Amino acid sequence: GAGVSQSPRYKVAKRGQDVALRCDPISGHVSLFWYQQALGQGPEFLTYFQNEAQLDKSGLPSDRFFAERPEGSVSTLKIQRTQQEDSAVYLCASSPGLGREQFFGPGTRLTVL
Amino acid sequence: KQEVTQIPAALSVPEGENLVLNCSFTDSAIYNLQWFRQDPGKGLTSLLLIQSSQREQTSGRLNASLDKSSGRSTLYIAASQPGDSATYLCARRISNFGNEKLTFGTGTRLTIIP
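Note that the protein sequences, when read in sequence, are chains A and B. Each number in the working numbering corresponds to the 1-based position in the first sequence with 4 added. Residue numbers are given in the working numbering: position 86 of the second sequence equals residue 77, and the series is strictly consecutive.
Think of the hints as simulated: they come from the structure by calculation, not from any bench. These figures come from a predicted structure and were not determined experimentally. Any given hint could be a false lead.
In silico DSSO-like links for lysine-lysine, alpha-carbon gap of 30 Å or less [what the hints assert, rightly or not]:
| # | chain 1 | residue 1 | chain 2 | residue 2 |
| --- | --- | --- | --- | --- |
| 1 | A | LYS82 | B | LYS92 |
| 2 | A | LYS82 | B | LYS59 |
| 3 | A | LYS61 | A | LYS18 |
| 4 | A | LYS15 | A | LYS61 |
| 5 | A | LYS18 | B | LYS59 |
| 6 | A | LYS61 | A | LYS82 |
| 7 | A | LYS18 | B | LYS33 |
| 8 | A | LYS15 | B | LYS92 |
| 9 | B | LYS59 | B | LYS92 |
| 10 | A | LYS82 | A | LYS15 |
| 11 | B | LYS33 | B | LYS92 |
| 12 | B | LYS92 | A | LYS61 |
| 13 | B | LYS33 | A | LYS61 |
| 14 | A | LYS18 | A | LYS82 |
| 15 | A | LYS15 | B | LYS59 |
Residues of chain B clear of chain A, computed beta-carbon distances all greater than 10 Å [unchecked claim]:
| # | residue |
| --- | --- |
| 16 | LEU2 |
| 17 | ALA20 |
| 18 | ASN23 |
| 19 | GLN25 |
| 20 | GLY34 |
| 21 | THR36 |
| 22 | LEU40 |
| 23 | GLN45 |
| 24 | LEU53 |
| 25 | LEU80 |
| 26 | GLY96 |
Glycine included, C-beta positions come from ideal geometry on N, C-alpha and C.
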């Protein structure tokens, strides 16, 4: 009966490195979301999956950002050639279905040096 | 671009007082609105979800209202406690079919003084 889990909780990367952030949604939740939260700001939408289909990726800031959910459960957010402006907390959320409440994980804090 | 506004950015009140947090949004095409709390270094905890057809929702000492016509929602906290200290965020979902993303405000940082 666990909630949404994310790993790692903290990640430090050197500028130019690739990183992969993992999200395990609540079992049975068909919708999965990624958000980016800068310090002192509210979360900003990145992308959204319905099962394995990526239905909205309008919030991804550049083509260096890529997300997948190949089997409709676990999702990975990948950032290639990280830049300092990518430093933020990356939050994952899941939902039982359309228009339903979203439940958030603890986030991954990414620091790019 | 922030389409959801929360004022004030920070608020301090003595323990035991009732308080109201404000959230305003610019478009009336709202599907639902969700209130969250966020503790330092933690993720978001969902507090209340109000559908566009509802006027208010209650959970324990919390009551959230929604006024679509004025573009406002309020979160009322009764008999505040030090454990209520956190950042409170509101987020709205618009009504376009398939548009599931939440748009968040910047939050109100609440401190309850013992």
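Item to check | Violated hints, by number in ascending order, as checked against the structure | outcome: Numbers 2, 5, 15, 18, 19, 20, 21, 22, 25 and 26, in rising order.
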